[in-house]
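Enquirer: So the chains spell out like this:
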Amino acid sequence: MVNEINYLDMYYQMVQIRRMEEKAAELYQQGKIGGFLHLYIGQEAVSTGLISARLPQDRVITAYRDHGVALNCGLAMKEILAELLGKATGVSGGRGGSMHMADPSKNFWGGHAIVGSHLPIAAGLALGDLYKKKDSVTICMFGEGATNIGYFHEALNLSKVWNLQVLWVCENNKYGMGTQVNKASAVTEIRQKAEGYGIPNERVDGMDIMAVRKSSIEALMQVRSGKGPYLLEIMTYRFRGHSMGDPERYRTNDEIKKWEEDDPIGNFRKYLMREKISTEKQLLEIENKAEDDVAESVRFAENSPEPKIEELFKNTYFTD
Amino acid sequence: MERISMREAISRALWEEMERDSDVFIMGEEVGLWGGTYAVTKGFYDHFGEERVRDTPIAESVIVGAAIGAALTGLRPIAEIMTINFAFSAMDHIVNEAAKLHYMFNGQFVLPLVIRTVSGGGRQLGATHSQTPDAIFAHFPGLKVVAPGSPEDAKGLLKSAIRSNDPIMFIEHATMYQVRGEVPDGDYTTPIGVSKICRKGKDLTIISYSKGLELSLNAADELIKDGIDAEIVDLRTLRPLDMGPVIESFKKTNRAVIVEEGWKSFGVGAEISSRIYEEAFDYVDAPIIRVAQKEVPLPYNRNLEQAALPQIKDIIIAAKEVLNG
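Residue numbers (this note's numbering), protein chains in the order written: chain A, 1 to 320; chain B, 1 to 325.
Same shape as in the complex, but just chain A:
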C-alpha cells in the first residue's frame, strides 16, 4: 500500500515550513522566542518527502530540529508558533518549547533534544507495535552527528536483533553543530555504519523531494514486509546556522551559496513546471497562501494566553 502523491500539497508544506521558519527567526531576533531555535530551512525536502510516504499508522520521531517535521505530521502551524512563543495554546502547552513538540494523536512522537537519545525510544515504539502485531513502521529521524554516540549503535543493534520495524533516517547535513562530519565520524558515508549491523541502506539526494519520496516508499515497503529495519542516509544542507546563536566560522559563504543554488523548494518548483504538473500561477497562489498562514498563525500565537502560573506543577506525574 502506497500513499497517492499530492504534488501541490507537498509543495505547499515545503513553502509553509520555509515561511514559518523565516518568521520564527524574526520573532527570535525580536526576543519573542526564548531558548534555542534550530531552523529547518534547506532541509524541507527530507521531512516532506519522507512523511508524504508514510501511512497513518506509521510513527514519526525526531530530534530537536522538529518544527518542520511537526508541520509535515499534520500539527497546526498556529500551535507550533504558539509553542515557540511559550503560550498555553502551544502544542506542548508552553512547557516544551522549540525542541519539545509532539502530538501522539498525529503519530508524531517528538521532538527529543538530547542527541541520539530518541533512537532507543524509537526501537521501543516499534517493539510496542511488534508486541501488538501491528502493521506500523516507526520512522526515526536524526542528524549525522547522532551516529557517533552510543545510543545509535545500541538502537540499531537491537532493531536488527529483534527484527523491529524501524526506518532509520539519517539527515546528513554535514555538520554536527560546527564540526564537519569527517572530523567527527570514522566514516563520512554514514550508511556504512548500517552495514555493520546487517541493515540494508541507501544514500539519497535530499535536495530532490521526488528522490526522497521514492526511496522512502521503497524503504517503508521493505520494512513493512517484515524484513527488519532499513537505513536511509539523506544528503542535505541547512542554509541557516545550527541554531540562532551560531557564529558560522566553520563554513564559507561560497559553500552556503553553492548549496542555496540547489534549493529543494526551487528544485521542486522547476520540476512541477517542467513536468507540467502545475502552472506558475498555481504555485504563486500556494506561496501566497503559505504567507497568509504564517501571518494568521503569528496573530493567533501572539494573542494566545500565557500558561497559568497556578498550573506550574500540572502533569509532573500522571497520578499525584
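Any given hint might turn out to be false.
What the hints assert, rightly or not - Sample of chain A residues lacking proximity to chain B, with all beta carbon distances greater than 10 Å (derived):
(1) His118
(2) Gly128
(3) Asp129
(4) Asn148
(5) Glu154
(6) Lys227
(7) Leu283
(8) Glu291
Unchecked claim - Derived, one-sided and incomplete: chain A residues facing chain B with beta-carbon distance under 10 Å:
(9) Arg95
(10) Ala102
(11) Trp109
(12) Ser117
(13) Ile121
(14) Ala126
(15) Thr138
(16) Gly150
(17) Trp162
(18) Thr188
(19) Ile265
(20) Arg269
(21) Lys314
(22) Tyr317
(23) Thr319
Derived from the structure by calculation, the hints contain no laboratory data.
The C-beta atom is built at its ideal place from N, Cα and C for all residues, glycine as well.
Please arrange chain B on chain A, whose structure you already have, making use of the hints.
Expert: Quick look at chain B alone, frame taken from chain A:
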C-alpha cells in the same frame, strides 16, 4: 498469611501481574533463559514465552530507552537493570526522558514504566558493583522511587508500580532476597508515596528504608534490652516523600536517627533531617544524627567493606547519643 522470602514476594508480584494483564512484560539482561541473576524470574520464560520475557543485549541505554518507547505505545514494560550501578549507563533515559516526557509534552505522553533494579553493598563485589545511590534517583521530579524493606511491601508496592501510569524506579536490595516475612494472601496492593510507622516506641524515632530498615529493626531489639524504646518509620518511597508519619512520630519522641546505606553527603538523611528541622523545629530536643556509609568507594576486602557500611552497632550508638543530646 504466609511467610515467604523477599525474592518470592517480588517474583509473585511479577507473575500475578503478568497473568492479570497481557500488556505487562519484562525485558532485561538474563531475565529469560537464565531466570534472572537473582533468580527472581525463574520459570517465567517457560511459562510466558520469549515475547513477554525478553532477554536483551548488555546495553542499558537501549533497555531503558526501548522500555520507554514501548510504554508510550500503551504497554506496561518492566525493564530490569541488573544492578543499579549499571543504571548510570541509562541515566540519560531515566532522567532526561522518563522523568520528563509526561510534563514536557503537557501530559500527552503517558509512561506506565517500571525500572526494577538492585542496590546495595555487602557482597564483596568491589566499588563498581556495590553502590547504594538511591538518593540520586530521588532527586528528579517526574520519577518515582520505591525501595521496599519487607516482603509484604515488596509485593504490594511492586504491584502498585506495575499498575501505575508513572515511571517508577523500583529498587531492591542485593542482600535482602532471603529475608522472610508475612505476606497477605491473594491480590493486594500497597500505595506508593506512603511512609509507615512499622515499630511503635516512645523514646526516639529511627527513620529508614530498605536495608537500613532491617538494621534498624535489629538495633531496636537490642536497644529495648537497655530500656530504650525506639519507634521506626519505614519511608518505603523516596519520591514522592511522605513526611507525615515521620513528623507525627518526631513530635512524640523529639529525637531522631536516620539510617541509610548510601553515603551521608547529599543523601536521604540530609533530606529527612532538613525537613524535620523545617517542619517540626519547635519539637527538636537534640541534634538529629545520620547513620550512613563511610565516604569511600566501597572496598573488596570483607573487613574493610563492613567497616564502611552502616552496622547495627552504629545505630545503637547513635540512638544512645541522641538520647543524651
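Enquirer: Now look at each hint and say whether the structure bears it out.
Expert: Here's how the hints hold up against the structure:
Not every CB of chain B is more than 10 Å from the CB of His118 (chain A) (nearest about 8 Å), against its label as outside the interface. Distance check for Gly128 (chain A) against chain B: the nearest CB is about 3 Å away, which does not clear 10 Å, and the non-interface claim fails. Here Asp129 (chain A) does not stay apart from chain B, with its beta-carbon only about 7 Å from theirs, under the 10 Å limit. In this structure Asn148 (chain A) is separated from chain B by more than 10 Å, as the shortest Cβ-Cβ distance comes to about 14 Å.
Under the 10 Å C-beta cut-off, the non-interface status given to Glu154 (chain A) relative to chain B is violated; the minimum distance is some 4 Å. Here Lys227 (chain A) stays apart from chain B, with its beta-carbon at least about 19 Å from theirs, past the 10 Å limit. Look at Leu283 (chain A): its CB is around 35 Å from the nearest CB on chain B, clear of 10 Å, so calling it non-interface holds up. Non-interface call for Glu291 (chain A) relative to chain B: holds, since the shortest CB-CB distance, roughly 29 Å, exceeds 10 Å.
This hint holds: Arg95 (chain A) has a C-beta 5 Å from the nearest C-beta of chain B, less than the 10 Å allowed. With 10 Å as the threshold, the beta carbon of Ala102 (chain A) comes within range of chain B, its nearest partner Cβ sitting at about 5 Å, so the hint holds. Interface restraint check for Trp109 (chain A): the shortest CB-CB distance to chain B comes to about 7 Å, inside 10 Å, so the restraint holds. The interface hint given for Ser117 (chain A) holds, since its Cβ lies 6 Å from the closest Cβ of chain B, which is under the 10 Å cut-off.
Taking 10 Å as the C-beta contact cut-off toward chain B, the hint placing Ile121 (chain A) at the interface holds, the least distance being around 4 Å. Because the beta carbon of Ala126 (chain A) sits about 7 Å from the nearest beta carbon in chain B, less than 10 Å, this interface hint is met. For Thr138 (chain A), the suggested interface contact is upheld, since its CB lies about 8 Å from the closest CB of chain B, less than 10 Å. Residue-level restraint check for Gly150 (chain A) holds (minimum Cβ-Cβ distance to chain B is 6 Å; threshold 10 Å).
With its C-beta approaching chain B no nearer than about 8 Å, Trp162 (chain A) sits inside the 10 Å limit, and its interface hint holds. Against a cut-off of 10 Å between C-beta atoms, the interface hint on Thr188 (chain A) is violated, since the closest Cβ of chain B lies about 25 Å away. Among the interface hints, the one on Ile265 (chain A) is violated; its C-beta lies about 30 Å from the nearest C-beta in chain B, farther than the 10 Å criterion. The beta carbon of Arg269 (chain A) is not positioned within 10 Å of any beta carbon in chain B (closest approach about 35 Å), and the interface hint is therefore violated.
The restraint placing Lys314 (chain A) at the interface with chain B holds, with a minimum CB-CB distance near 7 Å, inside the 10 Å limit. For Tyr317 (chain A), the interface hint holds, the least distance from its beta-carbon to any beta-carbon of chain B being 5 Å, beneath 10 Å. Restraint check, Thr319 (chain A) versus chain B: the minimum CB separation of about 6 Å is within 10 Å; hint holds.
Consistency note: the structure conflicts with the earlier hints numbered 1, 2, 3, 5, 18, 19, 20.
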